[in-house]
Amino acid sequence: MKLKQLSIKDSLFKYGFYVILFGVILFFTFSAEYFLTFANINSLVHAAAPMLIIAAGMAFVVFTGKLDISLGSIAYLSTCIGAVLMKNLGFPPAAAFIIVLLSGIVLGGINGFIIVILKVNPLITTLGTLTAFRGLGLILTQSFEIRMPEAVRAFGTSRILGVFSDVWLALLLLILLHFIHQKAVFGKQVTALGNGEEVCLRLGIRVDRTIFLTFMLAGFLASIGGIVSMAQIGQSTTFLGKGMEFTAVAAIVLGGISLFGGEGKIIPGVLIGVLTLELIRNGLNHLGANPYLYEFVNGGIIFTAMSADALKARLRGQVILVSDENT
Amino acid sequence: MKKLVGVAFVMFLFLAAGVLSAGAQQEVDDGKYVVGVSWDEKSIPLIQAWEDYMIAEAEKTGSAIGLDYEFIINVADLDPTRQASNIEDLIQQDVDVILARAKDGAAIGSSIRAAHDADIPFVVFDRKSLTAEQGDAYVGGDSYRQGRSTAEALADLLQKQGIQGKCIEVMGDLKDNNAVLRSVALNEVAVETGALQVVTQVPTEWDPQKFLSGITNALQAYPDANCIFLASDFAWSAVQAALETHDRYKKIGEAGHILTATCDLFPDALIAMENGYIDVSTTWDAYLHAKALVEVLNKIGTNAPLTYGEEGFLVPGRVVYPETLAEMENVWSRDYADWTAQ
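From first to last, the protein sequence lines are chains A and B. Residue 105 in numbering that gives the first Met the number 0 is what sits at position 106 of the first sequence, and the numbering runs on without skipping anything. Residue 179 in numbering that gives the first Met the number 0 is what sits at position 180 of the second sequence, and the numbering runs on without skipping anything.
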């Protein structure tokens, strides 16, 4: 009897974010005339595109039961490198962006190295690199904004079949990452790690290598997110990536990915989490809401999502205990 | 052992990078008039312009009154906590006066108090303290009048064209006094003149990404909006992208042009005005701000009385239109590059 009650709660947690998302859409659809239009949804996903990509990287790290709070700074530093190469050394955008992507991998690799080889706690490591990477970016650019060449700006507003190009890019990446997470050996190892490193070691999974690759992948995706963000606004600014890591954490928790690791999916988890946050911002814009309300609403949502995740983990523990008692 | 060596190596790298990038820590020289400067950020060229104009003006005017200026400058990278720590560092270095552009007007009060406890005068620059601790002087642009003159010019343009304005207000960081004052001014003018209605307010926290998404959303929600008021045009590139998304990035006189009024006239916006995309702006005069600032620093350095108006040393901006831009002198966003080259 007790098990049945908990399973109802469990399913509520499992599908709760769908209910929230549906409720949010319904509310804004009836409150704002132009909310549920193709043009607005297109703009909304366009605005969310950088976060979709960065949050997917964060999700992989979180699947392993770890956290990378330096992703915003990786996005910033890697794009600074690209911007400086384009501005000061006359690199063509394509060449500069390849270096940006390599930089993202290297920066993620630095995190991985410190965590895996030096055995420093991931939170402490990425807290340090959060500041250090941003600092390097500021030194590189002298903290100045760098305007992008017209070709890059044009990509930021370009469309394919009426949908923004970066939306296609983000969706394609999410599908690919979802496939890797669900089907590839690497993805399964990542999830297994989140469910217990000790067990993985006994099963012969190369734990350190998987963690290292996860941080590299997150760095790589952060640099793609950075490029998309920079192309959208047409310049490299010190704001780029600032606070993105925390929004990414909030989004993935909202999307049902547990911060305790080993649970959740890229699709629909990341997609729903990021779009819910963007939907709310977009909807408040449409309603002409009091500007002071935005931070309050966002804070409330993040707090609710985190609380729900903690409660879910506690309940999962209870279910296991009750099951043990019955056997 | 290997791990220990690894940790030591990483620490060494960070330390070496810090030393190489920052240079040796500046020492306070005896006999110098040492000004500790705490910038909240340096991501916009305006701040570098302020700094360069200020140092040049201090060198020019200081020697005449026996002040041998030295500047110790730190930057908080938009972090109020880091700014408090930076100011604490300046206090520990026993500078003669502290000058700060606050990241958070509500948080700067404790730093002002700490400086006063150490008997160090404190000058608040550009962003007013929103606390009871106001510092010894406030120097800055007159944000209220800047917002008001821009809004009045916008209302005037609308009335001349016989259009009832439906305006999108793009706000700044609501923790920044300048942003709040510009918003107050616009909304007052809207009520007083009746020439325009603010159909929506877009908060941005001065983040260009939020300029982009906010304006995009606002244009989606209010497709009949015919004017836009920018609390600052520093993120013009993002504004341009948002207008392009809605096919509203049109020159003055072209069909679909959205009447655009801005504050500050930053370099990108200056080019946009020259090209006919911005209808009116009120300048944020970096050179005049720096002059006023050095005037205050000179007075503090020579123990002269700080006589000024109730609101501090406020420098009004100048209203500029595309047709008057070329004649206007001393526009920092146009002339600063030439000035530094000289």
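Calculated from the structure, these hints are not laboratory results. Each residue gets a CB set at the ideal place from its N, CA and C atoms; glycine is no exception. Treat the hints with caution; some may be incorrect.
[Said to hold, decoys possible] Simulated coverage check for chain B against chain A, where a stretch passes if three residues somewhere in it have a Cβ under 8 Å from a Cβ of chain A: (1) 129–143; (2) 154–160; (3) 173–181; (4) 215–224; (5) 323–335.
[As the list claims (entries may be wrong)] Every beta carbon over 12 Å from chain B, so not counted as near; a handful from chain A, in silico: (6) F90; (7) A183; (8) F211.
Evaluated hints:
no.	hint	in the structure
1	129–143	violated (count 0)
2	154–160	violated (count 0)
3	173–181	violated (count 1)
4	215–224	holds (count 6)
5	323–335	violated (count 0)
6	F90	20 Å, holds
7	A183	31 Å, holds
8	F211	14 Å, holds
In this structure, the hints that do not hold are numbers 1, 2, 3 and 5, in rising order.
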